[in-house]
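Turn these sequences into a full structure, and let the hints steer you where they fit.
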Amino acid sequence: MRTKILAVLCLASGLWLARNLYVIFLTMGDEAAQGAIYRIIYFHVPSWITCFTAFFVAGVSSVLYLVRKNSRFDTLAVATVEAGVVFTIVGLVTGSIWGRIIWGIWWTWDPRLTWALITCVIYSGYLMLRHAIDDPTARAKNSAVLCIFSFTSVIITYKAIDWWRTQHPGPVLSFRTGGGNIDPAMEHMLFQNLGALLLLCAAIVVVRMRQEDMQREVEALRRYAHAL
Amino acid sequence: MLYFRQVWTVAGKDLRSELRTKESLNAAISFAIVILVLFSFAMDPTADQIREISGGLLWLVFAFAGALILNRSFARELGNDCLDALVSSPLTGSALFLGKALGNFILLTIVELVSLPIFGVLYNIEWARRPRALAAILLLTTWGVTVIGTMFSALTVNLRLRELMLPTLIYPMMIPALMSAMRLTTLLIAGEPIPADDEIWVRLLIGFDIIFTALAVGLVEVVLVG
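In the order they appear, the protein sequences are chains E and G. Mapping of the first sequence onto the working numbering: position 164 corresponds to residue 341, and the numbering continues sequentially without gaps. Mapping of the second sequence onto the working numbering: position 28 corresponds to residue 11, and the numbering continues sequentially without gaps.
Be a bit skeptical, because a hint or two may be false.
To be verified - Which chain G residues face chain E? A few, computed with CB under 7 Å, are given here: (1) LEU144; (2) THR151; (3) PRO155; (4) ILE158; (5) LEU202; (6) VAL206.
Simulated from the structure, these hints should not be mistaken for laboratory data. Beta carbons are placed, not taken as given, at the ideal position from N, Cα and C, and that holds for glycine.
See the structure below:
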């Protein structure tokens, strides 16, 4: 059953992404001020929304693990954090490429960029902590606590453009600005690609959850063999 | 009332134990002085340059030196299974945590109070132009750093790579407090008031202390007991 869900997720996200790439590169025109490079927004913004969603799911799963002590929630947390870190790196790299073309620099210590990098480092620390703990129960418990602490950095990253004067462009999506900052066709395309990336993220999460389940089984068998 | 007595008993035990041996305190103060001296050799800054970067330099020194104290916080209880004894005692997890945090806070404040005059002498800086505001920022940041450090010390106490994992985890987490402190300390050492634009840093610092203290007090029982 899960294999079928995974196949459907992969196929749907792949097809949707292929269709979006066709529309973005072959049918949509250049932006008046930025030219062709503006197209990076269709990957940059959706990547960040995807990683924030993944970290939010990881935070909720961690709370649920601490409340219910069900290892499924720990599995979901680690899978979503790993997928979230991948999309964080995609967001940082696409932003950096855009910055090189528009600002003339790869990186600046602007509050939004700095917090984004800190978020990436903090969640990488979460993954490192998991590798450093052998006992599965202690690993799940300590990682859940760290995951809850880590989510504060996501909130600061999201609000950084409101709290500080930043070089990073302000919000463009209608739900934050009330409309008027982006052409409706562009916004529509942006949400299309967000949907495709969210599906891709869900596919990665399902794959990682399967691997994590197998890992648990192997660890349990090893402990059983030692006990014998 | 009993709760606060428990907190103070744990803090008193840690402080007595540390002040008798002075293991971490001596190491942290020596380390802070070494960084201050090394920085002078490495950069050879002028008085104006040092005034511009004073906040950054001081908080890097305090954060690195503080890690030596924080690393020992729960690790010192591992010998003779003292941590198990503490966890199985009638103390609540949060009282144990707050006691340890209070002990670390006092030790870290001592390191800062020793380092600041040495910084002033070595770099010829009059650092106490706004003493009350500077003291408030120092105490607020030190509490934030201590709460994160103590919580993560509990989180990593049973790890093989404890000495490696603790700094890796605490420094990124401390960045909101450290960034605020660096910015505000630089202004206050230069004798300038905090402008309206920079009040966001004070709010961030206070918010950081409240949120992380609440999270740590709420979650420490899970980390210690399970």
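| query | Where does the structure disagree with the numbered hints, that is, which hint numbers, in rising order? | reply | none
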